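Protein chains in written order, with the numbering used here: chain A, 1 to 403; chain B, 1 to 645.
Keep in mind the hints are simulated off the structure, nothing from the lab.
Quick caveat: nothing in here was measured; it's all calculated off a predicted structure.
Heads up, some of the hints might be wrong.
Derived DEER-like restraints, expressed as beta-carbon distance ranges [stated by the list, open to error]:
#1 R294/A with S340/B: 39 to 45 angstroms
#2 R322/A with T190/B: 26 to 32 angstroms
#3 T190/B with I274/A: 26 to 32 angstroms
#4 E449/B with T209/A: 53 to 59 angstroms
#5 R100/A with L362/B: 27 to 33 angstroms
#6 P338/B with R322/A: 38 to 44 angstroms
Yeah, the Cβ is synthetic: ideal placement off N, Cα and C, and Gly gets one too.
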Amino acid sequence: MRRALVVAVTVLGFVAGALGTLAMRGSVLPPTDPAVPLLAAISTGTEEPTTFLAWIPRGVPGGFARDVRALPETGRVIVVSEEIVWLTRSWNTAGELVDRPPPPFRIPIDAAAVDPGGFAQFLPPPDRAIMAAVANGEAILGSTSARLRGLGPGAVLDVGGERIRIAAVLPDERVGAAELMVSRRTGRRMGIHNDRYLLIRTDEAHTLTPGRLGGLLRPLLPATLGVNRVIQVRAPGDTPFFRAGDSVLPPVLVKALFGEFAARRRPGSPGELIVEPAWARDHLITTELPVIGRVTCHRGIIDQLTTAMRALEAEGLGHLIRSYHGCFVPRFIGSDPANMLSYHSWGIAFDLNLAGNVRGAEPRQDSRLVAALEDGGFLWGGTWIVPDGNHFEYRRMPEPSLP
Amino acid sequence: MICSQVQALLSARLDGEHLPQRQVDAVEAHATGCPACTSFVEASRRARVAVRIRPAERVPDLVAPIMEAIELDRVRAPMHARHRLPSRAGPRPPVRVRALVAAALVSALVGSLVVGGPWRPPDEGPVAAAAIVQGVRGAAPSLDAFRATYTIVERGLAPDVPVRSLDMDVAFLAPQRFRLQIRDRTDYPTSAWTPTDIVYVEDMPASSLSGPTGCPADVAGCLPTRDTVNASSIYSAAAPLPADLILPLATFGSARGVRVIGTEQIDGRAAVHVEMSFARAAPLFPFLRLGGTWRPFFAGDLVQVWLDADGWFPLRITVSPSSDPERRLWEMRFGRAPESTDAPILIVRAVGFDASPPDPSLFAIPGMDGAQTLSLAELVDRTGFLPVTPTALGELTLSTVVVPPEGLATPRSLLVYTEGLDYLRIAELPAWSGPGPFGPVDALAEEVELPGVGVGFYEPAGEGLGRRISINGAETALFLETSLPRERLVAVAASLPIVGLPMPRSWRVTTSGDVSIARVGVDFALAAAGLEGLPGDLPGGYVVASARIERTEGVLTAVTLQLRQREVDAAGPPLTLHVEPGAGLPPPSSAGQVLVRSGPFDGRWSPGSSQLEWVQAGAYRSLQGPVDLPAMAAVAVAIAEVGSS
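Please work from the sequences and hints to get the whole structure.
Right under this line is the structure:
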């Protein structure tokens, strides 16, 4: 009986399916998309830039932002502070513990602090409301940071000694590729003190170029800055991220490429770090390379560093490397905890021929050496606005030769 | 160097690319004395657009990428069609009736196929896609065990690893036990590569993972590492990870974005061939999220799936590259040759399957030993309260009772109900005092009426979670998450002995200085935005799920509407429509943008942030979300039509 019922239902279903299909063929209209006429009739144009980034190596000097605001050509000007803060725990929106580095190790986080009201004016209108939550002590995660952490709005972080709730996730380009963004008030409690860069909007009556704005800003820099008395000005399209040191990969992308470590400050030497041994064991390698000799670097760069050294050797240029000064050296830039993390901390940067190539001096590296390493995917510090001629760091995988 | 080479390098430099010093020297030496290249730089600077696919040989042409997007949209037109079959409502019929219903559905589909299928001509595809959705859904409750072996071939991981071969075993045993194991068969060129050997076991809600952490799938050019994790957790809020390889319930939670190609024979079995975007098919690739090293895939990549016409499990899955601008940027950034859109870069093929129950010991999680499972009586002893339980469960039965480890916002009790592959989880936390709805439910989630209960806050499936409802009671808070359809979830939630309260003011209103942002009713917000006549079902399946208004010094200054897809977030997170008074566009906030002028639009498209802004009738409008320009424009046109009427 039951089998008969199943057969009957199957047959009826078959007939209904066939008839229904035939009926639908007559009634289903081809879908139309109202967007097509719009797009077909579209015309395009471009806009002059009205927003600029300005940064000074090792930070914005006191009073500089005030002087920039006083220029008739500038409109709104805000200062962005940025610092490494330390993450001890995090929870996702379901309350699950996500990050729990083994004490005393903590995870370094690139955190920015802004005046919420001022920064809102540099966001598109739909995102401005988020800054009210930031003003109330909540935070924003950059999109890569959120993806790395597996966290989103509603997550909670124990970071910089504060328990912070995440109000929103914004694209990296909206937060200067910072991992975390908080208000200046919250930032002060977390230890974010150093002003790194300015966001400048031009006055409505003025049209500026990066070159012209740079010319206006440079005289405002105090002479006491010495070798750092230089300024980099960028407009949208000049650089992927509005942040200080925009010519190098931001830390969050370095983490995405090479992994994230937990670390602690070296006792008695706060500018240096001790990286969690498990991370160091899994990510670093000590090996013998042609020309350069014994190195300890991130495993991820060994193949391309070897290739670059072999290329130098094959061209008889090995002698251009007179001295090698280390690769994996976990520390802040300049061993100063007021700076950001050095990429030596990941073992993806190395220093060559220090004599004659100290930071701030005219670099004296042989252009053939620089060319071989750049072809190998490494960035040379000699092109920076304050040249660091002995420094090379990972930038990209090697490119095929251009025509 | 000739001008075209120099201008290509200048273009790359303007894109923020770092050029080797010798190229900088050569370019500057040439450009200094070349009027053509000097004017090129000036023109390019003025252009400042982000739609730069590769080093250009002339000033970037914005028409081509947009027309490409139009062409892409035409190809995808069936995916955007708006036909939808009515969903089932009410309590589920008894098992025997359901078996008959399933038989009727399957035979109806076969009958449909015999007469050529409703997907001929192709524009009629969505009707058949809806039938597949019904078929997959109908099969879930009766599936108690499954085993399958797949081979995976991946192409293009790295220049020195052009092809990889992996084996994958997938097993399921009711209630809610899953195992996914990957064995990497690749011969790597050096020992620096770590094989992607992974074992993942889930015994809901506990899970364990062993394997290399490797690289996130979406970080292009990530380098292999030897980092290995052995992690297990007694409690996870995530939906079962490998479930879609057994029955693609999450992928086919909705017919939207699915294009039916036809029926074919795959390895001697009748199969239904469908295609969709990679973003849409994400649940079919759980192994990409488990660690190890994988090549990058992009949201627009084309996924073709052959579903077994009998059991609805995937027999074969292929991924072919799209010409997505993001892919081109990735190729350029890492010096990769352009990938052909014709050759698949991932092929997953079933080579064996079995419906007999796998050995339960396969699902053992180290250190758990079933210790997390309690009886309800034991739960009361442990927590001091009797959890709230629903009555409209149909055939769902209580299979697991858990006390999750204490943590921020973790429930005090978790009940897991199952029926075959279907599951329903009810988490409870008495005296919830958090800043928003309990559980992974956004403060802007859609407010739904639960007859007899009050209100709940609903989120569609997405981001690794099933459909969800959070209920805020006076004494306790509940969070429900399920693979069941929305109507079924609402029916279960409505049978709970609890009063669901509206959102308290502290969740709805944020105040900072003289600015306040408040969640308000959708109708009120639509009226405030001048959009009273907005269709209930927008292109792409979007509906207005929630709204908030912004007041400055008490004056209404902006309205923000959240647009979501009702059943499943096929396109990812929601779209946001923002309206505020304004006669012009605000200063650009992205690195690049394109001004668009057409019909009612006088606006700007920012591809980097997927934002379309325009000014209409004295109001600034912004539509933003992770969809492409054609999909965005379809919604924008519907909004603009209301605005202009």
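Check your understanding: Checking against the hints above, which ones are violated?
Key -> Violated hints: none; all satisfied.
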